[in-house]
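Enquirer: Residues per chain, in single letters:
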Amino acid sequence: MSAIQLDKTVDKPEISAREVMRIVAVAALATILMIAPAWADQSFISDAWIRATPPGVSTAAGYMKVHNEGPALKLVTVSCDAAGEVQLHQHIMEDGLMRMEQLPEITVDANTVLEFKPGSLHLMLRRLKQPLAAGDSVACTVRFDDGSVIEQQFSVRAPGSSGNAR
Amino acid sequence: MMRKLIFVLACLVALAAGAWLSSWVQQRNASPDIQGMVLSEPRAFESFRMTDDAGAAFTEADFQGHWSLLYFGFTYCPDICPMTLAVFSQLKNMLSDTGRANTRFYLVSVDPARDTPERLHDYVRFFDPEFRGLTGPVRELDKLTAAAGALYVIPGDTDREDYLVDHSSTVTLVNPEGKVHAVFTAPHTAEQLARDLTQVVARW
Chain X
1 MSAIQLDKTV DKPEISAREV MRIVAVAALA TILMIAPAWA DQSFISDAWI RATPPGVSTA
61 AGYMKVHNEG PALKLVTVSC DAAGEVQLHQ HIMEDGLMRM EQLPEITVDA NTVLEFKPGS
121 LHLMLRRLKQ PLAAGDSVAC TVRFDDGSVI EQQFSVRAPG SSGNAR
Chain B
1 MMRKLIFVLA CLVALAAGAW LSSWVQQRNA SPDIQGMVLS EPRAFESFRM TDDAGAAFTE
61 ADFQGHWSLL YFGFTYCPDI CPMTLAVFSQ LKNMLSDTGR ANTRFYLVSV DPARDTPERL
121 HDYVRFFDPE FRGLTGPVRE LDKLTAAAGA LYVIPGDTDR EDYLVDHSST VTLVNPEGKV
181 HAVFTAPHTA EQLARDLTQV VARW
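Protein chains in written order, with this note's numbering: chain X, 1 to 166; chain B, 1 to 204.
No lab work stands behind these hints, which were simulated from the structure alone. Accuracy of the hints is not assured; some may be wrong.
Within a straight-line C-alpha distance of at most 35 Å, the following computed DSBU-like cross-link-like pairs (lysine-lysine) qualify [what the hints assert, rightly or not]:
{"no.": "1", "chain 1": "B", "residue 1": "Lys179", "chain 2": "B", "residue 2": "Lys143"}
{"no.": "2", "chain 1": "B", "residue 1": "Lys4", "chain 2": "X", "residue 2": "Lys117"}
{"no.": "3", "chain 1": "B", "residue 1": "Lys143", "chain 2": "B", "residue 2": "Lys92"}
{"no.": "4", "chain 1": "X", "residue 1": "Lys129", "chain 2": "B", "residue 2": "Lys179"}
{"no.": "5", "chain 1": "X", "residue 1": "Lys65", "chain 2": "B", "residue 2": "Lys4"}
{"no.": "6", "chain 1": "X", "residue 1": "Lys117", "chain 2": "X", "residue 2": "Lys129"}
{"no.": "7", "chain 1": "X", "residue 1": "Lys117", "chain 2": "X", "residue 2": "Lys74"}
{"no.": "8", "chain 1": "X", "residue 1": "Lys65", "chain 2": "X", "residue 2": "Lys117"}
{"no.": "9", "chain 1": "B", "residue 1": "Lys4", "chain 2": "X", "residue 2": "Lys129"}
Beyond 12 Å from chain X on every Cβ pair, some chain B residues (computed) [claimed, not checked]:
{"no.": "10", "residue": "Pro42"}
{"no.": "11", "residue": "Gly73"}
{"no.": "12", "residue": "Asp79"}
{"no.": "13", "residue": "Ile80"}
{"no.": "14", "residue": "Ala86"}
{"no.": "15", "residue": "Ser96"}
{"no.": "16", "residue": "Ala101"}
{"no.": "17", "residue": "Thr116"}
{"no.": "18", "residue": "Leu120"}
{"no.": "19", "residue": "Arg125"}
{"no.": "20", "residue": "Asp128"}
{"no.": "21", "residue": "Val153"}
{"no.": "22", "residue": "Arg160"}
{"no.": "23", "residue": "Glu161"}
{"no.": "24", "residue": "Pro176"}
{"no.": "25", "residue": "Gly178"}
These numbers were taken from a predicted model, which means no experiment stands behind them. Where is the CB? At the ideal position from N, CA and C, for every residue including glycine.
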């Protein structure tokens, strides 16, 4: 119904310069509105989880995937409500020893996904304020060198949920 | 003529027997296709005296009569140790009833200063109620790591309450004679360990 009515109204082809300007302005605004969220959301995090802690243990490991859909950027700090400190750690195999090395920052290359996973890159949560049980959720803040910040909820999973020990 | 025929037949029989024997010996000795290695000669432990997580004395004799899987780690280790114990727990559930009954799982602490039997007790049981923990003075611990080919180093300041320990990521298999039999290398998965363990045990 309305489509037919629209067709009828388009019968008059004359459009004033003012109307053209208005259309251009609306189109420009719409374009900006569509692009803006993409600018703000160059990077995002998925699969964020922390392994449940055994009794008496004050450290835990956290994992996530950092998706960077923009130019290269550096992950500089992570902080979580539940921990006194969060460090960026990498496992290194050296002379038959599994060694953990603390990294000051981690570069996330342009248009890549950086994966934190068991036995590899991971977050080390130190001085936990309470034990973490499967099903809990931990609020963390991930900061990048370009000033962007991602607030991310990490879910606490059972110790066996890592699947493969890599 | 007859004697010649008997001689040739005897030669053929000897040849066949030799071929069969050599293939049998090769099969027995061939290193199975595992992620790790089987020791050509199982290695005995130097007599040691550790403490298990129940507070009882534990010596090399306690490894006898069953297969044992040893992981050298520590309870403050956030990533690789819980991950490996979780793999142990999955592995245990994958074994047959007989396999399960004949296999014990140990976390041997490379951090005896902090890992008391009580602490180990709570820790290992978080992963499986039948897992055991071993701890003891460094000189006793070193007898286990030496035979198992495991290494550990405390690189940082032990005054910090959550210092870390660098350690081997291997899993050591001890045979029912209480000797180090095989070493499995990381990365560990329950599936891989189950396959390798089955292969090695089948050749025992």
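Enquirer: Each hint needs a verdict: does it hold in this structure or not?
Expert: Verification of the supplied hints:
A distance of roughly 13 Å separates the Cα atoms of Lys179/B and Lys143/B; the hinted pair therefore holds under the 35 Å criterion. With a C-alpha separation of about 73 Å, the suggested pairing of Lys4/B with Lys117/X is violated against the 35 Å cut-off. Between Lys143/B and Lys92/B the CA atoms are separated by roughly 27 Å; this keeps the pair inside 35 Å, and the hint holds. The straight-line distance between the Cα atoms of Lys129/X and Lys179/B is roughly 43 Å, outside the 35 Å bound, and the hint therefore fails.
Only pairs whose Cα atoms come within 35 Å are accepted, and Lys65/X paired with Lys4/B is rejected, the gap being roughly 78 Å. At most 35 Å may separate the alpha-carbon atoms for a hinted pair to count; Lys117/X and Lys129/X meet this at roughly 23 Å. Taking the CA atoms of Lys117/X and Lys74/X, the gap is about 18 Å. The hint holds against a cut of 35 Å. Between Lys65/X and Lys117/X, the direct Cα distance comes to roughly 8 Å. Compliance with the 35 Å bound is thereby established for this hinted pair.
A hinted pair counts as satisfied when its Cα atoms are at most 35 Å apart, and Lys4/B with Lys129/X does not qualify at roughly 90 Å. No beta-carbon of chain X is positioned within 12 Å of the beta-carbon of Pro42/B; the least distance is around 20 Å. Separation of Gly73/B from chain X is inadequate, the least Cβ-Cβ distance of about 9 Å not exceeding the 12 Å criterion. Remark: the non-interface label on Asp79/B conflicts with the geometry, its nearest Cβ contact in chain X lying 4 Å away (cut-off 12 Å).
The Cβ of Ile80/B sits about 6 Å from the closest Cβ of chain X, inside the 12 Å cut-off, so the non-interface label is violated. With a least CB separation of 4 Å from chain X, Ala86/B falls inside the 12 Å interface cut-off, contrary to its annotation. Against chain X, the non-interface label of Ser96/B holds: every CB pair exceeds 12 Å, the least being about 20 Å. A cut-off of 12 Å between C-beta atoms confirms that Ala101/B is not in contact with chain X; the least separation is 21 Å.
Under the 12 Å C-beta cut-off, the non-interface status given to Thr116/B relative to chain X is violated; the minimum distance is some 10 Å. Non-interface call for Leu120/B relative to chain X: violated, since the shortest CB-CB distance, roughly 10 Å, does not exceed 12 Å. With 12 Å as the threshold on Cβ separation, the claim that Arg125/B sits away from chain X is violated: the shortest Cβ distance comes to roughly 8 Å. With a least CB separation of 10 Å from chain X, Asp128/B falls inside the 12 Å interface cut-off, contrary to its annotation.
In this structure Val153/B is not separated from chain X by more than 12 Å, as the shortest Cβ-Cβ distance comes to only about 6 Å. Separation of Arg160/B from chain X is inadequate, the least Cβ-Cβ distance of about 10 Å not exceeding the 12 Å criterion. At roughly 8 Å from the closest C-beta of chain X, the C-beta of Glu161/B falls inside 12 Å, breaking its exclusion from the interface. Non-interface call for Pro176/B relative to chain X: holds, since the shortest CB-CB distance, roughly 26 Å, exceeds 12 Å.
Here Gly178/B stays apart from chain X, with its beta-carbon at least about 24 Å from theirs, past the 12 Å limit.
Hint check: violations occur at hints 2, 4, 5, 9, 11, 12, 13, 14, 17, 18, 19, 20, 21, 22 and 23; the rest are consistent with the structure.
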